[in-house]
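Visitor: If you're matching them up, the sequences are chains Y and D in order.
Under my numbering, the first residue of the first sequence is numbered 281, with each subsequent residue one higher.
Under my numbering, the first residue of the second sequence is numbered 22, with each subsequent residue one higher.
Just so you know, these hints were derived from the structure itself, not from any lab.
Check the hints yourself; a few may be wrong.
What the hints assert, rightly or not - The list that follows gives simulated cross-link-like pairs (lysine to any residue, SDA-like), each with its CA atoms no further than 20 Å apart:
| # | chain 1 | residue 1 | chain 2 | residue 2 |
| --- | --- | --- | --- | --- |
| 1 | Y | 1185 | Y | 878 |
| 2 | Y | 1185 | D | 206 |
| 3 | Y | 1185 | D | 202 |
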Amino acid sequence: MPGEARVEMTRFILNGALVAVSAPPDERLSDSLRERLGARDVKIGCNAGDCGACSVLIDGQVVCSCLTPTRKAEGHRVETVAGLVADDRVARTLAQRFQDHGAAQCGFCTPGMMTASVALLRQEPAPDEAAIIRALGGVLCRCTGYRKIIDAVATIPAVLAETGAPGHAGAAIRRLDGAQKLAGTEAFGDDVAPPDTLEILVIRSPFPRAAFTFGDLDAWRAGQPGIAAVLTAADVPGRNVFGVIPAFADQPAFAEGVTRFRGEAVAAVVGTPAAIRAFDPASFPVCWTELPAVEVPAAAEASGAPLVHEGRAGNLMCKGFVACGDAGAALAAADVTVEGRFASGFVEHAYIEPEAGFARVVDGRVEIHACTQAPVMDLEAMEILLGMDRSRIRIVPTAVGGGFGSKLDISLQPYLALGAIKTGRPVRMAYSRTESMQSTTKRHPSEIRLRLGATRDGRISGCDFQGTFNTGAYASWGPTVANRVPVHASGPYRIADYRAEARAIHTNCPPAGAFRGFGVPQAAIALESMLDELAGKLAIDPLELRLKNALTNGVPTVCGQVFAQGVGIRACLEALRPAWEAERAAAEAFNRETDGPLRRGVGIASGWYGCGNTSLPNPSTIKAGVRADGRILLHQGAMDIGQGANTVIAQIFATALGVPVTAIDLIGADTDVTPDAGKTSASRQTFVSGNAARACGEALRARVLGMVNASETAVLTFAPCAITVDDGASRHRIALDPLAADADGYVLAASGHYDPPTKPLDANGQGEPYAQFGYAAQLAAAEVDTGLGTVRLLRIVAAHDVGLAVNPMLVEGQIQGGVAQGIGMALMEEYIPGRTENLHDYLIPTIGDIPPIEPIIIEEADAHGPYGAKGLGEHVLIPTAPAILNAIAHATGVRMTSVPVTPAKLAAALAGD
Amino acid sequence: MSYLVPGSVDEALALLRDRQPTVVAGCTDVLPARRQGQPSGDILDVAQVPELRGIVRGPQGWRVGAAATWAEIAAAPLPPAFDALQQAAREVGAIQIQNAGTIAGNICNASPAADGVPPLLVLGAEVELASVAGRRRVPLEDFITGVRRTARASDELAVALHLPHPPSDAGGAFVKLGTRTSLVISIAMVAAVVRVAQGRIAWARLAVGACSPVARRLPAWEEELEGRSLEDVASLRPDASHLEGLAPIDDVRASAAYRIEAVRELCQRALMRALVSAAGGADAR
Chain Y
281 MPGEARVEMT
291 RFILNGALVA
301 VSAPPDERLS
311 DSLRERLGAR
321 DVKIGCNAGD
331 CGACSVLIDG
341 QVVCSCLTPT
351 RKAEGHRVET
361 VAGLVADDRV
371 ARTLAQRFQD
381 HGAAQCGFCT
391 PGMMTASVAL
401 LRQEPAPDEA
411 AIIRALGGVL
421 CRCTGYRKII
431 DAVATIPAVL
441 AETGAPGHAG
451 AAIRRLDGAQ
461 KLAGTEAFGD
471 DVAPPDTLEI
481 LVIRSPFPRA
491 AFTFGDLDAW
501 RAGQPGIAAV
511 LTAADVPGRN
521 VFGVIPAFAD
531 QPAFAEGVTR
541 FRGEAVAAVV
551 GTPAAIRAFD
561 PASFPVCWTE
571 LPAVEVPAAA
581 EASGAPLVHE
591 GRAGNLMCKG
601 FVACGDAGAA
611 LAAADVTVEG
621 RFASGFVEHA
631 YIEPEAGFAR
641 VVDGRVEIHA
651 CTQAPVMDLE
661 AMEILLGMDR
671 SRIRIVPTAV
681 GGGFGSKLDI
691 SLQPYLALGA
701 IKTGRPVRMA
711 YSRTESMQST
721 TKRHPSEIRL
731 RLGATRDGRI
741 SGCDFQGTFN
751 TGAYASWGPT
761 VANRVPVHAS
771 GPYRIADYRA
781 EARAIHTNCP
791 PAGAFRGFGV
801 PQAAIALESM
811 LDELAGKLAI
821 DPLELRLKNA
831 LTNGVPTVCG
841 QVFAQGVGIR
851 ACLEALRPAW
861 EAERAAAEAF
871 NRETDGPLRR
881 GVGIASGWYG
891 CGNTSLPNPS
901 TIKAGVRADG
911 RILLHQGAMD
921 IGQGANTVIA
931 QIFATALGVP
941 VTAIDLIGAD
951 TDVTPDAGKT
961 SASRQTFVSG
971 NAARACGEAL
981 RARVLGMVNA
991 SETAVLTFAP
1001 CAITVDDGAS
1011 RHRIALDPLA
1021 ADADGYVLAA
1031 SGHYDPPTKP
1041 LDANGQGEPY
1051 AQFGYAAQLA
1061 AAEVDTGLGT
1071 VRLLRIVAAH
1081 DVGLAVNPML
1091 VEGQIQGGVA
1101 QGIGMALMEE
1111 YIPGRTENLH
1121 DYLIPTIGDI
1131 PPIEPIIIEE
1141 ADAHGPYGAK
1151 GLGEHVLIPT
1161 APAILNAIAH
1171 ATGVRMTSVP
1181 VTPAKLAAAL
1191 AGD
Chain D
22 MSYLVPGSVD
32 EALALLRDRQ
42 PTVVAGCTDV
52 LPARRQGQPS
62 GDILDVAQVP
72 ELRGIVRGPQ
82 GWRVGAAATW
92 AEIAAAPLPP
102 AFDALQQAAR
112 EVGAIQIQNA
122 GTIAGNICNA
132 SPAADGVPPL
142 LVLGAEVELA
152 SVAGRRRVPL
162 EDFITGVRRT
172 ARASDELAVA
182 LHLPHPPSDA
192 GGAFVKLGTR
202 TSLVISIAMV
212 AAVVRVAQGR
222 IAWARLAVGA
232 CSPVARRLPA
242 WEEELEGRSL
252 EDVASLRPDA
262 SHLEGLAPID
272 DVRASAAYRI
282 EAVRELCQRA
292 LMRALVSAAG
302 GADAR
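Kindly generate the complete structure, drawing on both the sequences and the hints.
Guide: Rendered as structure tokens:
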């Protein structure tokens, strides 16, 4: 028959080698490359052309391999990042520059960024920024804020410590795990399972709230070739409940009888890759009955509303409260007051790596290899669900392609474990983008009412904050948001008379949980907007108003906590002054001199964030050992989710031990071999695990010095099979071979532990919630197109007090990445269940949406931090959205109170609607 | 289920008649739409059929092969009026999509937000369809009949678009409005082509996308512009009477009311840019 071309084999050149692959006619090239040809360096983030992570070059042109049928590769030349970085000169030097700039954070989008950049650089060896933005506009990055990527592609010189420097705390060195992210060898959640492993697909609720019954599952399964097992709540051997906060644990691995949000799991099928590929979820024998649902707090709190959980009356999960002085009296006495109502929607984390993992049973123990921010919490959750002693469970985190809070909660871990146990065979699964968005946690939508007063000379006189947070169907981190918000809603300001209440309300929405800032960014929008309104009423410069009220050493917070040292907010604000004055003048000149629809404005906002758990124990342990061959191994259990813990913890440890960081080999997180370094959350790893690493390094150093009675200033050198200790007066050689090895094989070992000192909060939220805060102030310059309601950002300046920048390059990367997320929250991001469950309806910033972001690092050393260091991870996005809202108000006179400020919303506000 | 790769239009047409395959080219719309567990049936990949390739100037006008990619269109040496099409080509998705996605795929997919349609409408495009029974040409406005519906019969293949030669002194422009800079489905977009004579608009054509089930020309506004002096038009925006036929909806991207207001502004901006394009073309001569 003419044109009959049913192809059994597709032949093409993959990274210079002829390959032949036999694939079904409709298979995507991304799948063939990953599963049939071993090219796991190609990443899948969306299967829809929305993220670009799967980009490859075909005959030199960049395309999404997920949108390319394998058959299209026939006879062509396909290049992936692994082949390019190994063999291509342009790619190899670009990979070096990516490392120099820290342009790969988690590394999941890196294959897409690299291939798209190589395609550009082959055409244009010295591209300008516009060309780079055009070339990379099809690849989403959620970690870096894109600016380091632009710098790397544009061959901007990187500011790094000199080669050969020890790389101690304070040194900008390359990420220690950077090379594998560029080479394409980093193994993420979906990269560890062998090909042909059984796969799992979850059956999910199509309704916000529904009752359901199953048909005869055994009979159904028996009729399904290739389906090895069906999993439901009946297969959960332990208690079918999990939750990150034990007192509130309420979420089932599989719903029983009723589902509480759209996308909730009720069952899963386990089968061969071919069977899962052909499996239509609509054919699964489950019968749904949609039930009335409540999707916003107002409906959930209405009398007679259906309860999401029995026993939580009014759908109120919990409240948080802080009060000091007399807010009502102070407001009544204030010379001026302002009041505002603010709203925000669900925000999706949108890490480019969807949840993925692999599990198997080894010698009667369950091993789960998956992306996670919290391996030991995963272990504790699985202990309950599986009804197994924890000694029989091993969590081996893979590399994590971004987390931002959502990968603190377990997601697919129960399905992996149950699938491996029930079938007795290894199993794997990767969430589709849609199920990742439907089923995992989100930032809490907020409705906030804020009243703020001031004296005529600009001292804050009274603040009353009421926040209602939509916490979704299950508790997750909702209690943490409720607790943190009242503590932080004052901002880093002295407010003597303060009252703040936050309530978390259940709805039939996805669980709202942890997302960079735990509710504080939402609260900051209200406060920082109202401060600008106050400044307007008082005719005081907004920067001066903030400086007048900024906390200083020795001044109590709204919790009554007094820091004698380390309060850096004034330094952050002062650092913005030059840009503030220049940009305000430039904007006003532009507006005077320009006709037409464009108006420019400049806004400013502050932020603060307490590092570590709120008034709760929060320990980390780091251990290290020296082998007889002289290598130092650091058991580093603080999850690196792209932020750089692998590098920062090693730098701190190396500093304390007194060796170059290159002398250390990392042993990554694994609950069998690394002690608990806590969760990667609450901006705590540099601070808390950093202190544990310092203690560990100091303990090991003391041990070595003690063996030869050397002085504390001695120089240690770890050579093969020996340590030399030179304190100037004497030089000792410690031979390692004669020393007995411990169970880990170490001839010398030490561990360090740290738990930050805090004190409980009383009924009025008075106490010492955190051992340290980090501080921030940011400036945004924006241009509003008043004809269309669009906002173009011109420049962001971000001053952050990090105590000590353990690695300034990584600090800058955190700042730029967090600012980019703040921009998304301000201008475009809103997750609407059922409507924006993909990355083309849910928009995050692309490379062209991010203006130059200039970090200013402030180092107001903290007495509790390792070498003075403070946490940073969440501070970075707290001031961004309010600074942008303030810039819009400055440009147009219109105060936006609801984010995201989409063009339609801003245009309506400009029109006075 | 087979992946069919015809070597010629005749082969493709025979397969279309006999196998009822899904026709694909760039696959940038087909693959994202695939649902878990849905068999794809036979696939007919026409991207490499020689007759469907290339962008050629002929005596009657330009012939753009159905499988011309957006990247190829953006790079082609086309006259200034085609700026509308070339600017749109650079705004479809991002470079990965532009390297694969094709012009006929864009119109056959018939999304209301297809970026290619407004420029093709203002350039007077006709779609050439072939089947084993013969060939026909259909004006683009008659070809797209509704949301994801076209006049293509199931045994027909779009083989080319034909665009008449615009006057060499005409200019074009495309203005896209989205919530971010790339990889974005348009809230609204406007394409314009304009010709100037003696300081006045000789004629103008404007088309609006993403504000009706099928992108539409604005004949009342075009008529209003005709003969206006260039000074006049700088401040002119269409009003409701000129926008009859648009029927925008509220969706996650924007409200209907906003779309109408935005279109008024975009029409003005597209026209001004098209005038610049026309002037640039005149300068180049």
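Visitor: Tell me, which hint numbers fail for this structure?
Guide: Checked against the structure, no hint fails, so every one of them is satisfied.
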